[in-house]
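Protein chains in written order, with this note's numbering: chain P, 2 to 437; chain H, 2 to 437.
If you are wondering where the hints come from, they were derived from the structure by calculation, not from laboratory data. As the structure is a prediction and not an experimental result, all values here were calculated from the model.
Pairs involving identical chains hold if they fit within one copy or between any two copies, as the list cannot separate such chains.
Cut-off 27 Å, straight-line C-alpha distance, at most; resulting in silico cross-link-like pairs (DSSO-like, lysine-lysine):
hint: 1; residue 1: 97; residue 2: 24
hint: 2; residue 1: 271; residue 2: 237
hint: 3; residue 1: 437; residue 2: 271
hint: 4; residue 1: 172; residue 2: 271
hint: 5; residue 1: 3; residue 2: 120
hint: 6; residue 1: 372; residue 2: 408
hint: 7; residue 1: 97; residue 2: 120
hint: 8; residue 1: 172; residue 2: 437
hint: 9; residue 1: 387; residue 2: 230
hint: 10; residue 1: 408; residue 2: 437
hint: 11; residue 1: 120; residue 2: 92
hint: 12; residue 1: 52; residue 2: 24
hint: 13; residue 1: 219; residue 2: 408
hint: 14; residue 1: 230; residue 2: 426
2 protein chains.
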Amino acid sequence: MKQLNVGILGLGTVGGGTYTVLKRNASEITRRTGVAINVVQVADRNLANAKALATDADVTDDAFAVVNNPAVDVVVELIGGYTLSRELVLKAIANKKHVVTANKALIALHGNEIFAAAKANNVIVAFEAAVAGGIPIIKALREGLGANRVEWVAGIINGTTNFILTEMREKGLNFADVLGEAQRLGYAEADPTFDVEGIDAAHKLTIMSAIAFGMPMKFEQAYTEGITKLEQVDIKYAEELGYRVKLLGITKRTDNGVELRVHPTLIPEKRLVANVNGAMNAVVVKGDAVGPTLYYGAGAGAEPTASAVVADLMDVARLIDATSAQRVPYLAFQPEQVQDLAILPIDEVQSAYYLRLRASDKPGVLADVTKILGDRSISIDAMLQKEPDENETEADIVILTHITVEKNMNAAIAAIEALEAITTKVVRIRMEELAK
Amino acid sequence: MKQLNVGILGLGTVGGGTYTVLKRNASEITRRTGVAINVVQVADRNLANAKALATDADVTDDAFAVVNNPAVDVVVELIGGYTLSRELVLKAIANKKHVVTANKALIALHGNEIFAAAKANNVIVAFEAAVAGGIPIIKALREGLGANRVEWVAGIINGTTNFILTEMREKGLNFADVLGEAQRLGYAEADPTFDVEGIDAAHKLTIMSAIAFGMPMKFEQAYTEGITKLEQVDIKYAEELGYRVKLLGITKRTDNGVELRVHPTLIPEKRLVANVNGAMNAVVVKGDAVGPTLYYGAGAGAEPTASAVVADLMDVARLIDATSAQRVPYLAFQPEQVQDLAILPIDEVQSAYYLRLRASDKPGVLADVTKILGDRSISIDAMLQKEPDENETEADIVILTHITVEKNMNAAIAAIEALEAITTKVVRIRMEELAK
Numbered sequence: 002m003k004q005l006n007v008g009i010l011g012l013g014t015v016g017g018g019t020y021t022v023l024k025r026n027a028s029e030i031t032r033r034t035g036v037a038i039n040v041v042q043v044a045d046r047n048l049a050n051a052k053a054l055a056t057d058a059d060v061t062d063d064a065f066a067v068v069n070n071p072a073v074d075v076v077v078e079l080i081g082g083y084t085l086s087r088e089l090v091l092k093a094i095a096n097k098k099h100v101v102t103a104n105k106a107l108i109a110l111h112g113n114e115i116f117a118a119a120k121a122n123n124v125i126v127a128f129e130a131a132v133a134g135g136i137p138i139i140k141a142l143r144e145g146l147g148a149n150r151v152e153w154v155a156g157i158i159n160g161t162t163n164f165i166l167t168e169m170r171e172k173g174l175n176f177a178d179v180l181g182e183a184q185r186l187g188y189a190e191a192d193p194t195f196d197v198e199g200i201d202a203a204h205k206l207t208i209m210s211a212i213a214f215g216m217p218m219k220f221e222q223a224y225t226e227g228i229t230k231l232e233q234v235d236i237k238y239a240e241e242l243g244y245r246v247k248l249l250g251i252t253k254r255t256d257n258g259v260e261l262r263v264h265p266t267l268i269p270e271k272r273l274v275a276n277v278n279g280a281m282n283a284v285v286v287k288g289d290a291v292g293p294t295l296y297y298g299a300g301a302g303a304e305p306t307a308s309a310v311v312a313d314l315m316d317v318a319r320l321i322d323a324t325s326a327q328r329v330p331y332l333a334f335q336p337e338q339v340q341d342l343a344i345l346p347i348d349e350v351q352s353a354y355y356l357r358l359r360a361s362d363k364p365g366v367l368a369d370v371t372k373i374l375g376d377r378s379i380s381i382d383a384m385l386q387k388e389p390d391e392n393e394t395e396a397d398i399v400i401l402t403h404i405t406v407e408k409n410m411n412a413a414i415a416a417i418e419a420l421e422a423i424t425t426k427v428v429r430i431r432m433e434e435l436a437k
Numbered sequence: 002m003k004q005l006n007v008g009i010l011g012l013g014t015v016g017g018g019t020y021t022v023l024k025r026n027a028s029e030i031t032r033r034t035g036v037a038i039n040v041v042q043v044a045d046r047n048l049a050n051a052k053a054l055a056t057d058a059d060v061t062d063d064a065f066a067v068v069n070n071p072a073v074d075v076v077v078e079l080i081g082g083y084t085l086s087r088e089l090v091l092k093a094i095a096n097k098k099h100v101v102t103a104n105k106a107l108i109a110l111h112g113n114e115i116f117a118a119a120k121a122n123n124v125i126v127a128f129e130a131a132v133a134g135g136i137p138i139i140k141a142l143r144e145g146l147g148a149n150r151v152e153w154v155a156g157i158i159n160g161t162t163n164f165i166l167t168e169m170r171e172k173g174l175n176f177a178d179v180l181g182e183a184q185r186l187g188y189a190e191a192d193p194t195f196d197v198e199g200i201d202a203a204h205k206l207t208i209m210s211a212i213a214f215g216m217p218m219k220f221e222q223a224y225t226e227g228i229t230k231l232e233q234v235d236i237k238y239a240e241e242l243g244y245r246v247k248l249l250g251i252t253k254r255t256d257n258g259v260e261l262r263v264h265p266t267l268i269p270e271k272r273l274v275a276n277v278n279g280a281m282n283a284v285v286v287k288g289d290a291v292g293p294t295l296y297y298g299a300g301a302g303a304e305p306t307a308s309a310v311v312a313d314l315m316d317v318a319r320l321i322d323a324t325s326a327q328r329v330p331y332l333a334f335q336p337e338q339v340q341d342l343a344i345l346p347i348d349e350v351q352s353a354y355y356l357r358l359r360a361s362d363k364p365g366v367l368a369d370v371t372k373i374l375g376d377r378s379i380s381i382d383a384m385l386q387k388e389p390d391e392n393e394t395e396a397d398i399v400i401l402t403h404i405t406v407e408k409n410m411n412a413a414i415a416a417i418e419a420l421e422a423i424t425t426k427v428v429r430i431r432m433e434e435l436a437k
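The shape of chain P in the complex, shown without the other chains:
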């Protein structure tokens, strides 16, 4: 088995998530890449915490020991900031190690220098996790949409501010009140400046603009306006006019130059991106061939961010067998790892259901129907009983059920259709929450 040896700098939220995901999904990751990705060393100032979590790795409080460790192939930088992290990343590159980072400030401010060093040393510097957390937007921009001349990119790329704006709209609260709530819930930091003033979003936007248009990082020229002065009344008036207010990062190619701006923005409520609520992120990319496409998901958090960090590590691992046409296997997993999984017959599928019955308007019908469902342990989530139309003696009954197995529902429907008061076939449509 081919091996990729990883050193992690910083075992905080994202570092811990990365360690956990690599360990939990180790077999799935190896099934995909054909490579075992091992964490061989971890550096954290809190040695006790790090040792408790990273039980399979060497643990140190000296980050330079990791970047200088000859056994480490790739350094994962998750300590944040842009002074020490810059030094560590440049040292790792000089030592011919690949680098994966989630550090948007580092890339937005020092990306030009870091990429030049990486090119000179022929190492990968990957940073999917730096923008929009677990959403693979960097890969979409660099590869998936590579055929396009990108015209503009616009995104909700800061979860804290989107949470605040959502609460302001839904609860009619002012910025200051929601900020306090967000801090209590852990959605906002004690010093929220980077988020609420749009600086964090400008870091991420800077990275997307560079990749979309093929230009250097120009963070210092980004226009940045936060949400601290946004008043409740304007969110209300915008809604009356059919708009939602979002903190957008927008970068657009124009004949006169590239727009690079973060500010509160009215968006028509019928746009999908206007309906991205809570702490979620979404990025809209407009390409000349594909038109607008949208990418949505969690923009922060331990495991969503780890999802992007580990995907980058897998790209590094794919360098080992790069010349194979199966660098990325046809079916995502190595051919010998494809499993002949059984398909569940539809009778065995579990689902919730929408049922519509047409029943004579007689007493006892509903009792009979609910008994049939109850006898088969099918519980009712909601019901809608319609009055018969004028000159009619039958009416619609609509029932939403909780989850049951399809064959159970088939039996219930057969029993319901056998009732004398039920005059037509039962209409059945499956229901999915798509939440978890």
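Place chain H on chain P using the hints.
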């Protein structure tokens, strides 16, 4: 300059779009990959049409001439069906040519055989365009979300049926009436069976399930139920209960087997995917680390599909320099092709605006304000004039403007604020349509 020589089979809608995008964006594509992608030969039964479009390529009506052409490195199969296309693809593979295809039926039905042949010949078979058109969902599943154990995938992956369902909901029409309209508009084919019975969606779902879980194509075991029996009344009742009805393809890993099913489905209206309307597609992927992520865009059409075909060709082109850490360059474009584009100062940015003014309730104020805007060629899109609250003599005026340049708006706002009747600062929020 490195070269990749392409032969295209079928110069219809998608083939024509592919030729056009490759030609129009040739310099952008080469800036990204460092490779010139040339269409050297094209096969189409309609020679005259093909010659009129593909002016730079050799044109033939013999598809086998292309797959046997020693000058062709990669064959793009866009003729559809799964008899002749299977034969052509297998012949191309036997001739050690890479294959790019948009053919979902071919992959869903014969993918297992094709991938085995491709592996034996160490060639790429890429099929991003086979699922959800221009949305890079195959890349997201295979690479971007590779760190995850995928739990389920659910998608609106047929534009025809989503268009029909959207019209049924918005206009209160029945299936048959909307189908006729869809056929007139070109959203549905003369024989719409493949779309409206869910077979097309089942092809795409089969492909996603194989990639999500690492298993062979099992199209013949997919459960497929279309929308032809769906009644208007059920869409209405679902809406009363807070749900939308969508034709979903759902594949889910369970302890007992893999679910693989296409059917009309109620989804809570607050889910983003429930708000995907018209002919657009969207896929939700639930990974154990990242949680739910969503991918949205055009699922069909000449250039959206071409966007995916050409992205696949770029992946093939990247095999030429596969061992470089810059296989995909840091900034998406080759380092020497990164351009130092100018950033537009915010004063020069063009935007529409939301303005809120607080004005004394005197006659003539609105005339003064609209004159100031008109004098600067700023036209008004909408206006909201509020009554003064009880015991107040001032009221809010909200104006939405059309697009103007920011410095022009700054001047207008200064003039408005100088009016005696305007008692506070003007609140200004930028507006974006994000439509084109």
